[in-house]
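Engineer: Here is what each chain is made of, one letter per residue.
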Amino acid sequence: MSKLYGDPIEVWSRGGQPVQFVWRDRLYTIREVQDHWVVAREWWKTSDNDPGERRFWRVAAATGREVGTYELRFDTAGGVWLLLRAWD
Amino acid sequence: MAPFIHLHTASAYSLRYGTAFPDALARRAAEHGMDMLALTDRDGLYGAIKHVQACHDRGITPIVGVDLVLRDGHAVSVPGSGKRGGNGEPRRIVVLARSDGWATLCRLVTAAHRLGERGEPYVTPETVAEHAVGTAGIGAGIGGGGSRLTVLLGPRSDVGRAVAERRDDRARALLDAWRSAVPDVVVEVTDLYGYRDVNTATRMLGLAYSMGVPAVLTNDVRYLDAADHQVGNVLDAARRLVPLHPRHVDHPTAHAYLKDGREMARVVLRICGGDLDLAERLLGETRRVAERCALDPVEIVPLLDAENPRLHLPEIGEDPVPLLRRRCEDGLRRRGLSRPGSARTADARGRLAAELAIIEKKRLSGYFITVADITDLIRSMGVRCAIRGSGAGSLVNYLIGIGDVDPLEHGLLMERFLSEGRRGLPDIDVDVESARRLDCYRAILGRYGETGVACVSMMETYRARSAIRDVGAAMGLPPHEIDVIAKAFPHVRAGQIRAALSDLPELRDSGLNDRSLETVFRLAERLDGLPRHIALHPCGVLIGNSTLRDRTPVERSMLDFPMSQFDKDDVEQAGLLKLDVLGVRMQSAMAYSLREIERVDGRKIDLDSVPRDDRDTYDLIRTGRTLGCFQIESPGQRELVAKLEPRTMHDLIVDISLFRPGPVNSDMVTPYLEARHGFREPDYPHEKLREPLRETHGVVVFHEQVLRVVDVMTGCGLSEAEKARRALGTPDGREAVRAWFVPLARGSGFAPDVVERAWRVLDAFGGFGFCKAHAAAFALPTYQSAWLKRHHAAAFFAGVLTHEPGMYPGRVILDEARQCGVDILPLDVNHSGGTWLAERTPATGHSETGHAGIGRGYGLRVPFSAVKGVSEAEVERMAAGQPYTSLADFWERARPSRPITERIVAVGGLDALHGLRPGEPRWRPGELTRRDLIAQVGALDRASGRGTAGQLPMGFTERVVPGELPEMSEAEAVEAELAILGMDVSRHVIGFHDELLDAIGVTRSRDLLRRRNGAEILVAGAKVATQTPAVRSGQRVIFTTLDDSTGPIDLTFFESVQAHTAATVFGSWLLVAKGVVRRTGARAVSLRALSCWNLLDLDRLWRDHGIDAVRAVLSEAPAPPDAAGAGVGGRSIEYANGYRLSPYSDIGPAPGVREGRFLRHPEEPQRRLWHASSGSSGPTPSAR
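From first to last, the protein sequence lines are chains A and B. UniProt numbering numbers the first residue of the first sequence as 1 and each following residue consecutively. UniProt numbering numbers the first residue of the second sequence as 1 and each following residue consecutively.
Hints were generated in silico from the structure; no laboratory data involved. Glycine included, each C-beta is placed from N, C-alpha and C at the ideal position. Wrong hints could be hidden among the right ones.
[Claimed, not checked] Ranges of calculated distance between the beta carbons of each label pair, as one might list FRET restraints:
hint, chain 1, residue 1, chain 2, residue 2, range
1, B, 478, A, 14, 49 to 55 Å
2, A, 79, B, 476, 27 to 33 Å
3, A, 45, B, 307, 27 to 33 Å
4, B, 478, A, 39, 26 to 32 Å
[As the list claims (entries may be wrong)] Straight-line distance between alpha carbons at most 25 Å, and here's what the computed SDA-like set of lysine to any residue pairs gives:
hint, chain 1, residue 1, chain 2, residue 2
5, B, 259, A, 36
6, A, 3, A, 27
7, B, 259, A, 16
8, A, 45, B, 1006
9, A, 45, B, 518
10, B, 259, A, 52
11, A, 45, B, 512
12, A, 45, B, 482
13, A, 45, B, 16
14, A, 45, B, 294
15, B, 259, A, 75
16, B, 259, A, 35
17, A, 45, B, 480
18, A, 3, A, 86
19, B, 868, B, 931
20, B, 259, A, 50
21, A, 45, B, 248
22, A, 45, B, 515
23, B, 259, B, 294
24, A, 45, B, 241
25, B, 259, A, 15
26, A, 45, B, 239
27, B, 259, A, 17
28, A, 45, B, 528
29, A, 45, B, 568
30, A, 45, B, 231
31, B, 259, A, 39
32, B, 259, A, 3
33, B, 259, A, 86
34, A, 45, B, 61
35, B, 1074, B, 1006
36, B, 259, A, 42
37, A, 45, B, 250
38, B, 568, B, 61
39, A, 45, B, 240
40, A, 45, B, 247
Let the sequences and hints guide you as you build the complete structure.
Structural biologist: What follows is the structure, given as structure tokens:
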């Protein structure tokens, strides 16, 4: 079962792909991108001309020896990363 | 590595789905370095011809396919296959034409439209299979299991859905069924970065390879750029008629755009999970499939081969060449052109030989035979039929009876219509009675059969109002609000919405500039020009042979006519021949008039053989009494005919040619009129140019003259001259022609100053000239309508009122009839018909001079159909049941609805029967009134229990006591006429305001000529017309005509006064205006308006506060324009020939206001009471 979080996190990317992130003061290294998709924002509900899109990554990441699956989300408009869910 | 090829691309011709035009897609593909591009529009090949042309222009190879709904999929039995999974969206497949499969693709699309409801085509696997392997239609006999079609099964197909639903067994079974039905099936994988997209793609790829089926990669393209996805979302919502919601959009991401090779490489790596070999295999197969489907552009668009286009011609059954020659010989005899030794005969023989040479060289003999057969067919049905356009310049057309205009008599040239140098096909246009146009289509279909004939279609595109409606609905605005917002806009392009908001005074103050609507307007502008609906073209008919269906897909029109999916440009490019059969209301009106003359007077008139030099008719025209006549009834034309004073058919031809934006604004009119009336010597640059220019006194009016001048000066021949003439329309073209013309003319021995002067003439007028053949074709019905008006006024007006051919609403025509001495007879249940009828009346009063008496002795009877809201069935019953003995009898036998009966009583339809008359005294004890009768209608309705729940016992009727209710006053009667019939029948509406108008000193129309030039005066009247035509200064100028029962008053509102007048001019019906008198001619006066008021406002003010209050308002100075700028904004449009135009010219006011629906005064009638121009008649801006 996954748990829902929605915590802001800090992420390092390379070539448009996340490679490491810090969540609750621990550093996670991404071993594998399992899935990646995007969702356009519901622009008709905002007054912005282009509210951007949300990019999702489902990754396998490790902190020390513990490996888990995490879902990360990047908001192109705000430039903010969130950790949405974790299976750990 | 070879470039990527997009095999699944929707253009804007996927209605309410695609966002990019074929040309933009081809250009982008070429920029990406791609060597091929497929267009696979949804549901049809609407964009195919444009795609093939665009690819040809960009040097890339076209591929064409179609994206179709799939129904009744293969019956495969796997566990759990019974339930229909996924969302309710239909399955779709893409079918590509292989290199030899264009005809098959056309037939498949036609079949898909035949299977589905109109607008909802679909295919079944069987239909696709039948076409692909050639058991259907023309493909039969290719044998060998070859396929002319390639089927792509993508994520939206039945196979793709099964994979997405993780029903792999079902997917496998479905793919297997497809593979055994259709030889060339491939799996299409797509990843638009949506949730699970890549997963589905990977598994579809796995399925394909495990079964040995090839797979291709596409991007399911519908955008040019990612930023277009908002427009796509709006279209998705508009197509489904629902507000925007994530559930209602087809693509939750913005990735469905025409990606370049690098971006597609990223996609392929995602799908192949980084497996490079797999990626290479997928891309390689994509290319192999594309190469199998490469099309030869010239085969589909024969006109790309300018030298020797392969045309699609009708079959005649015998060799058309000798047949046409024979028919022309017969024609010479019939038209009296076969007398040996006569000069005309010699001329005709020479001309005929030259025309036949070109026709035969272009292999068009069969076309002419076919068109002549069709015009014969139309005439044999008793339908009036006239040739229009440049086709009137051809002697062949005259000889074989397509047209009735003798080109030799009027000096018309064939080259303007068909010449060796002219690329493309000749266009023969014929005008028929508008009311019989569809009958003509049916007859043509009957004669040539469904397989060889189709109507031409046209795309209706998004404009400001439709775009606002669709975006507003998608954004969830309440329907009522959307309606108000949309109607506030004039008929402008969607791209002009925000500009119009800030430019037009009447919109600036409307409150629509609200920030909350900003998104709606921004998106509505993005829809600008996108096709939204396919419709029957108003006149084009394709005539081909039995293989027409291999050349164009055909669907059913709304009225169930077979309709090509190509528009008129596509049709020509595709080498298909079309005939324009245009419905002309004036032809219907004249046919109706002739029937009325025969019915009332027992005289049968052959309108085509009435003398064409009738003095009385020209007298009518010369005095400007042309209201109702074809082509010459507008205020501007009435002024021009009064100045030009036509006396012959040729004068009418010149008049029609001159009354166009170009000649009017480049001031060709003045030198012509001066020379015509002898104020100025005609100016000929050279003696040799006297002949071609003499007919118009040295001014170049006609295209034909341009051709002759060029030919005389250079000796290049008329065909070459026609090429040069076409180039004169643009500055670049003029430069090129000049560089060619000047040395050639000097080489022919003309002196440099002569060449220079001749060039100046061509330069100034060449681009504006008018095709004389066209004008000559128009002049005939113009003359005929004037002849009818002069000699059979009542019948003429009956035709005009019944078929409404002109620009004016009924009340204006009716008033003109009244002024011509025709008696206006009220609605009468015992005398009215379904349409306007002429009646003999006792000629009363003294004989009038001038034209006031031309209609004397006849009346016009208001018909039942004029009653607002009446149904056709009611009209028929009412006319059939005559005579009636009482209201109850009428009610019983004609069975009109209650509101209709009440309206008929209110406008006096039973006055004669029951001896009623409106007016004073209002209280008439013991005497029946209209109001009593209306009450009786209610009683009858209740008694017959029609439409009511509580039925009364039979035989019970309420007793209405005569005189219980007051009679209508005359003003109330006219008000009722305006509201119910849309016209003031019993008397002119302005008459009720005489007291006020006299008190403030208004000048009447008949007294205008007596006012001195420059005087500032007040006028008043009912608005007859507003126009905002193209004028030279590039301003938006409003021309308004008022009518005050003594004649018309023409007012001009320049931009400087529009800030305080535009809303009133557009928004009111009865107007008082202050203006300065301008004498425009000996008998012509117009006013430069300074201010205007709604007469009803003044009337109320007068009643409430007295005359001084009115005078105070009239003497108020208009408020100074605010800082935001007065008048009309917007950059004027500059045409290539240097002619400037306001972006709002010919567009005018908001249509709601204009059509009389948006009135500010509740007492103003809610019917269209005046004319306003719409659409543009100006030249088209050069594409630069």
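Engineer: The structure should be examined with respect to each hint, and the outcome stated for every one.
Structural biologist: Structure-based check of each hint:
1. B:478 x A:14: 49 to 55 Å: holds, 50 Å
2. A:79 x B:476: 27 to 33 Å: At 30 Å between Cβs, range holds.
3. A:45 x B:307: 27 to 33 Å: Violated, at about 58 Å.
4. B:478 x A:39: 26 to 32 Å: At roughly 29 Å between Cβ atoms, residue 39 of chain A and residue 478 of chain B fall inside 26 to 32 Å, so the hint holds.
5. B:259 x A:36: Holds, at about 19 Å.
6. A:3 x A:27: holds, 19 Å
7. B:259 x A:16: This hinted pair holds, its Cα atoms lying about 17 Å apart.
8. A:45 x B:1006: Since the Cα atoms of residue 45 of chain A and residue 1006 of chain B sit roughly 61 Å apart, the hinted pair is violated (cutoff 25 Å).
9. A:45 x B:518: Answer holds: residue 45 of chain A to residue 518 of chain B is near 13 Å, not above 25 Å.
10. B:259 x A:52: Distance of about 19 Å is within 25 Å: holds.
11. A:45 x B:512: holds, 20 Å
12. A:45 x B:482: Roughly 18 Å between the alpha carbons, so the hint for residue 45 of chain A and residue 482 of chain B holds.
13. A:45 x B:16: holds, 22 Å
14. A:45 x B:294: Violated, at about 44 Å.
15. B:259 x A:75: holds, 22 Å
16. B:259 x A:35: holds, 21 Å
17. A:45 x B:480: holds, 21 Å
18. A:3 x A:86: holds, 5 Å
19. B:868 x B:931: The hint holds at about 19 Å.
20. B:259 x A:50: holds, 20 Å
21. A:45 x B:248: Distance of about 14 Å is within 25 Å: holds.
22. A:45 x B:515: The given pair, whose Cα atoms are some 14 Å apart, holds under the 25 Å limit.
23. B:259 x B:294: holds, 21 Å
24. A:45 x B:241: Satisfied, since the Cα-Cα distance of roughly 18 Å is no more than 25 Å.
25. B:259 x A:15: The given pair, whose Cα atoms are some 19 Å apart, holds under the 25 Å limit.
26. A:45 x B:239: Roughly 20 Å separates the two Cα atoms, so the pair holds.
27. B:259 x A:17: At roughly 20 Å apart (the allowed maximum being 25 Å), residue 17 of chain A and residue 259 of chain B satisfy the hint.
28. A:45 x B:528: Within the cut-off at roughly 23 Å; holds.
29. A:45 x B:568: Not satisfied, since the Cα-Cα distance of roughly 41 Å exceeds 25 Å.
30. A:45 x B:231: holds, 15 Å
31. B:259 x A:39: Holds - the C-alpha atoms of residue 39 of chain A and residue 259 of chain B are around 18 Å apart, at most 25 Å.
32. B:259 x A:3: violated, 37 Å
33. B:259 x A:86: violated, 34 Å
34. A:45 x B:61: Violated: residue 45 of chain A and residue 61 of chain B sit about 42 Å apart, past 25 Å.
35. B:1074 x B:1006: holds, 17 Å
36. B:259 x A:42: holds, 23 Å
37. A:45 x B:250: Between residue 45 of chain A and residue 250 of chain B the Cα gap is close to 18 Å, so the pair holds against 25 Å.
38. B:568 x B:61: Measuring from Cα to Cα gives roughly 24 Å; hence the hint holds.
39. A:45 x B:240: holds, 19 Å
40. A:45 x B:247: holds, 14 Å
Checked against the numbered hints listed earlier, the structure breaks hints 3, 8, 14, 29, 32, 33, 34; every other hint is satisfied.
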